[in-house]
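Asker: Next come the chains, spelled out residue by residue.
Number of protein chains: 2
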Amino acid sequence: MTKIVPVVLCGGSGTRLWPRSRKTKPKPFLPLIGERTMFEATLGRCGDAGQFAPPLIVTGTAHLEHVEEQAGAVPGATVIVEPEAKNTAAAIALAAGRLPPDAVMLVCPSDHHIADEPAFRAAAAAAAKLAADGWLVAFGITATAPETGYGYIKRGDPLEGGYRVERFVEKPDRATAQQFLADGSYSWNGGIFAFRAGRFLDELAAHRPALADAAARSVASGSEDGSRFHPDATAFAAIEPESVDYAVMEETDRAAMVPASIGWSDIGSWAALRDATDSDHDGNSVRGRAELVDCTGVFVDTDGPRVSVIGLKDVAIVVDRDEVLVTTMEGAQKVGKLGGAAQQ
Amino acid sequence: MTKIVPVVLCGGSGTRLWPRSRKTKPKPFLPLIGERTMFEATLGRCGDAGQFAPPLIVTGTAHLEHVEEQAGAVPGATVIVEPEAKNTAAAIALAAGRLPPDAVMLVCPSDHHIADEPAFRAAAAAAAKLAADGWLVAFGITATAPETGYGYIKRGDPLEGGYRVERFVEKPDRATAQQFLADGSYSWNGGIFAFRAGRFLDELAAHRPALADAAARSVASGSEDGSRFHPDATAFAAIEPESVDYAVMEETDRAAMVPASIGWSDIGSWAALRDATDSDHDGNSVRGRAELVDCTGVFVDTDGPRVSVIGLKDVAIVVDRDEVLVTTMEGAQKVGKLGGAAQQ
Numbered sequence: 001m002t003k004i005v006p007v008v009l010c011g012g013s014g015t016r017l018w019p020r021s022r023k024t025k026p027k028p029f030l031p032l033i034g035e036r037t038m039f040e041a042t043l044g045r046c047g048d049a050g051q052f053a054p055p056l057i058v059t060g061t062a063h064l065e066h067v068e069e070q071a072g073a074v075p076g077a078t079v080i081v082e083p084e085a086k087n088t089a090a091a092i093a094l095a096a097g098r099l100p101p102d103a104v105m106l107v108c109p110s111d112h113h114i115a116d117e118p119a120f121r122a123a124a125a126a127a128a129k130l131a132a133d134g135w136l137v138a139f140g141i142t143a144t145a146p147e148t149g150y151g152y153i154k155r156g157d158p159l160e161g162g163y164r165v166e167r168f169v170e171k172p173d174r175a176t177a178q179q180f181l182a183d184g185s186y187s188w189n190g191g192i193f194a195f196r197a198g199r200f201l202d203e204l205a206a207h208r209p210a211l212a213d214a215a216a217r218s219v220a221s222g223s224e225d226g227s228r229f230h231p232d233a234t235a236f237a238a239i240e241p242e243s244v245d246y247a248v249m250e251e252t253d254r255a256a257m258v259p260a261s262i263g264w265s266d267i268g269s270w271a272a273l274r275d276a277t278d279s280d281h282d283g284n285s286v287r288g289r290a291e292l293v294d295c296t297g298v299f300v301d302t303d304g305p306r307v308s309v310i311g312l313k314d315v316a317i318v319v320d321r322d323e324v325l326v327t328t329m330e331g332a333q334k335v336g337k338l339g340g341a342a343q344q
Numbered sequence: 001m002t003k004i005v006p007v008v009l010c011g012g013s014g015t016r017l018w019p020r021s022r023k024t025k026p027k028p029f030l031p032l033i034g035e036r037t038m039f040e041a042t043l044g045r046c047g048d049a050g051q052f053a054p055p056l057i058v059t060g061t062a063h064l065e066h067v068e069e070q071a072g073a074v075p076g077a078t079v080i081v082e083p084e085a086k087n088t089a090a091a092i093a094l095a096a097g098r099l100p101p102d103a104v105m106l107v108c109p110s111d112h113h114i115a116d117e118p119a120f121r122a123a124a125a126a127a128a129k130l131a132a133d134g135w136l137v138a139f140g141i142t143a144t145a146p147e148t149g150y151g152y153i154k155r156g157d158p159l160e161g162g163y164r165v166e167r168f169v170e171k172p173d174r175a176t177a178q179q180f181l182a183d184g185s186y187s188w189n190g191g192i193f194a195f196r197a198g199r200f201l202d203e204l205a206a207h208r209p210a211l212a213d214a215a216a217r218s219v220a221s222g223s224e225d226g227s228r229f230h231p232d233a234t235a236f237a238a239i240e241p242e243s244v245d246y247a248v249m250e251e252t253d254r255a256a257m258v259p260a261s262i263g264w265s266d267i268g269s270w271a272a273l274r275d276a277t278d279s280d281h282d283g284n285s286v287r288g289r290a291e292l293v294d295c296t297g298v299f300v301d302t303d304g305p306r307v308s309v310i311g312l313k314d315v316a317i318v319v320d321r322d323e324v325l326v327t328t329m330e331g332a333q334k335v336g337k338l339g340g341a342a343q344q
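Chains as they are written, first to last, in this note's numbering: chain X, 1 to 344; chain F, 1 to 344.
Calculated from the structure, these hints are not laboratory results. Computed from a predicted structure; not experimentally measured. Incorrect hints may have been included.
Remember, identical chains collapse to one label, so a pair may be satisfied in a single copy or spanning two.
[As the list claims (entries may be wrong)] No more than 30 angstroms apart at the CA atoms, straight line, and that leaves these computed lysine-lysine pairs for DSS-like: (1) Lys337 <-> Lys313; (2) Lys313 <-> Lys154; (3) Lys313 <-> Lys334; (4) Lys23 <-> Lys129; (5) Lys171 <-> Lys3; (6) Lys154 <-> Lys23.
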């Protein structure tokens, strides 16, 4: 079997982990869990040379410096520098256009945490096998809570190593999410996909011909510069931004999923980061100098000053240079709406 | 009537307002409420030249620099520099020993907040009148809550402008404090006293002759240096530290009290400071740059970094240089036990 080509998407600049994550150095490039950054960890889990080819990274000029600094030690890594952000369908189309049609690509967001790497590699192998057979494959993350912040995948008939997708479901309300969890045939859409490059482009051409055409022209007229590839900006500029979920996965009749019980988290809030981090017997997680008295479920992350906390429960405290954030875990979803997060 | 001599005591270094209050610059010298420091406000409320003589300040070498810097603009202010801290009986004895026997002194802690200055001056006038008649007078702060952190004064028979003290009561438990509050004849002992200097020294000589003698010798052998007076250190070293409450007020049969409804707070915790500070309609008080979302009763005091808070209730957040404190109001009494407060 041919090696899987990791296609690592490094775009966006979420504000939900402000003030640690900022426009100039967003989430993928921060060591939020352990010593490695989220991006380094993404490369690392696709680093088994027996299973994976060198990675193809898609990013914008804003993050190019971070990408090249942190990917520098990965042999054969190449970078596609997007002229502008056009969402995931376009980013994946550029990568697919740079690969041989038979190459099996594994699309990986660069800012998710995956605790169980062997399980990830097993799921990647199963997905790659289905992709080689022409399926467009999504990782179906085993749902462990009635999350309302994720899209869901309902599985259909079984395939070898996975299932057909019966349908994709938008972010549900709480009651619906609870039904999904109880039902057992729904999993989270983690944004990890496997395709044969040519199959992906064929499906894109069938369902979004203009997007496919513009991406193809952008690749054809692009220029190489060492390990960088610069797609043509004029052709790319015409693209309507759309997610791969909408443009391809919900359109194709060859959508499949592989169950992935891999300790996944999108680290989409300080609450999620606390839950993904080692904690003491009171459920407190600390990074940096801190003293906690009568606290449970408290998360502290400080880049310098000592943080002393008394009597709190389920609160995140983050100190980053000139900003201090103190939020309940429940309130953490509002972090992106803070003045500080908006102004940065 | 002769003018009252304010005797301002600047000792101690509480840790309950750590990290803002530190050993090197404790509570009296900080602008915790409004623009003036607690010490400046203490001098200010005794600054009416029609009612008060220039102040006599008793402090130690540790705080002398702050005292002289902040008292510099007060005409005629003088300072007694204690060789070491020996509690309030000794400090007041030094001051009394430096004054004419007929002088009426008003002993004022330098780290209390008094919101109603006209009421304070009225109470001071009433206390001074009783003191001139030979009474040893305590301010009886009108109790407004069943506080367990203060001593109480039970009033007895009425006097002109005040009452005899029936008894002084140690810090009570909660149930007792609630009885006191319901009873109505108990007030808080705010540590503000009025004495005729000679009467005070006579009572001290009667009840604590060794202390009185050592203080008298320390004054007699002391030396003047401009506006500073340095008591003799050898004589002073022999003194057993004791509070004026124990050494004199609880011993004398001439103890009186004046009711004082003066908006008093000892600012003995971050909770007390919040309560004494102006707040918005959600009960939040902010000093420095901060953004509060879905908060009630939150107190923020930051010396630089912006503090963003989401979803909290009755919490104090204090940023001071290299220290960040986050505590529930209930937990604020434990601040002094934190490692940071102990190490400073």
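Asker: Now tell me if each hint is right for this structure.
Answerer: Comparing the hints with the structure gives:
1. Proximity of Lys337 to Lys313 under the C-alpha cut-off of 30 angstroms is found in both arrangements, the shortest distances being 23 angstroms within a copy and 20 angstroms between copies.
2. For the identical chains of this complex, Lys313 and Lys154 are neighbours neither inside a copy (36 angstroms) nor across copies (41 angstroms), given an alpha-carbon limit of 30 angstroms.
3. Taking identical chains as interchangeable, the C-alpha atoms of Lys313 and Lys334 lie at most 30 angstroms apart whether they share a chain (18 angstroms) or sit on different chains (16 angstroms).
4. Taking the shortest alpha-carbon separations for Lys23 and Lys129, neither the intra-copy value of 38 angstroms nor the inter-copy value of 68 angstroms comes in at or below 30 angstroms.
5. For the homomeric pair Lys171 and Lys3, neither the shortest alpha-carbon distance inside one copy (34 angstroms) nor that between copies (77 angstroms) is at most 30 angstroms.
6. For the identical chains of this complex, Lys154 and Lys23 are neighbours neither inside a copy (35 angstroms) nor across copies (63 angstroms), given an alpha-carbon limit of 30 angstroms.
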